[in-house]
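Here the protein sequences line up with chains P and F, keeping their order.
My numbering puts the first residue of the first sequence at 1, with every later residue one more than the last.
My numbering puts the first residue of the second sequence at 1001, with every later residue one more than the last.
Quick caveat, the hints were computed from the structure, so don't treat them as lab data.
A few of these clues could be false.
Unchecked claim - Pair by pair, the computed Cβ-Cβ distance ranges are:
1. P:A189 to F:P1116: 33 to 39 Å
2. P:V208 to F:S1103: 51 to 57 Å
3. P:N202 to F:P1071: 53 to 59 Å
From the three backbone atoms N, C-alpha and C, an ideal C-beta is built for every residue, glycine too.
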Amino acid sequence: MRHQKSVALVALTAFTVLLLASPASASEESVGSCIAEELAEVGVEHFEEIEHEVASGDASEAATTELEAIEKKFESCVEAPSPIIPEANEIIWGGAAFLVLFGLMAWKLFPAVKDGMDARADKIRDDLAAADKAKADALAEQATYTAKLGDAKAEAAEIIDDAREQANLVRADLQSRAEADIAETRRQAAAEVETTKAQAMNDLRGEVSDIALGAAELVIGTQLDRAAHASLIDDYIDQVGSRS
Amino acid sequence: MTSELVNGYGEALVAVAKAEGAGPEVEDQLFTVARAVEKSEELQTTLADSAIPASRRQQIVEDLLEAQASPITSALISMVVAANRGGELSSILDAAVAKGAQSRGQSVAEVRSAVPLTEEQIQRLTAALNKATGKNLTIKTVVDEGVIGGIVTTIDDEVIDGSVRHRVTKLREAF
């Protein structure tokens, strides 16, 4: 960590120096030297003379044309460099700084960054593996809970079915008992009716026979004369005498 | 009352009757009185009522039998009543009749009929019963209008029923 910090500080310092120093000096030297070179080529005094003539309106056409040409050259010096193609010195300084920085980075920073990235990747990989494992565990737990829930639901359904079946059996049993009781009650009632009817018929028959036989007794008793009594007695004696 | 006690009184009455030289007519009279007592619930109650003095109950018996039974018969029955056995009088008299017959080697046959039997009928019936049962029987007749017609004979526990009443009863059962 300490090693990584020192490498990063060196790289940042070099980068700052190159970034601030090189482009500034290059840009300032380029515009100044260009204008100075153009003034030196034209001559400062000549330039001031032509400029004075043009400003006063006494200048010839040739002087005016010459001044416009000089001003064009100056303007060409003031024009910004190409946004695409840098200046040669910038390429040199930039390339050197790049090489130095790249060397430093390749020497110290890249391995450290690579180690850090590897460690981070390993950590992420471990975290992902742990997350996958946790997810798998959670899924397994969920599957277990789902299975248990399914078992519980199945068991509950089985209990409900058993209870319903038991209730149906009890209801059927009670219904059959009630029907049996009703049938037995009806049978007993019918039997009682038949018994009562038979008893009534027997009583009636008995009363009728009692009345009839009572009347017959009276008739027999009053109509049995001495001869009839004697005949009955003689018959009895004969029957007893015939017994052995 | 136990049968042993009834038989004891019966034997006593027979012994007294023999001692008094009583004939078979006394047995017949004892049998007749026994049937009369059986038929009269009021007489049974009166003779069994210990609240009535024994002398009063004896007097009732003697008054009832005065014109219809011999003095020996009356005395024997009065003796039973005086011993406070009026409630068992008919059983004791039957036992005495049975013991008297046994003393002569006979068994008693109670014959019930709606009309009195003639002497000839009694003799024929006696012969027929002796033949049928193999016993030497003495006949004790009872006139019972409930019989309607015919005869009912009872020898110990055996009943030979040839009465019209029995036939009517069987006819009623058949109905």
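| request: Could you tell me which of the hints above the structure violates, numbers in ascending order? | output: Number 1 only.
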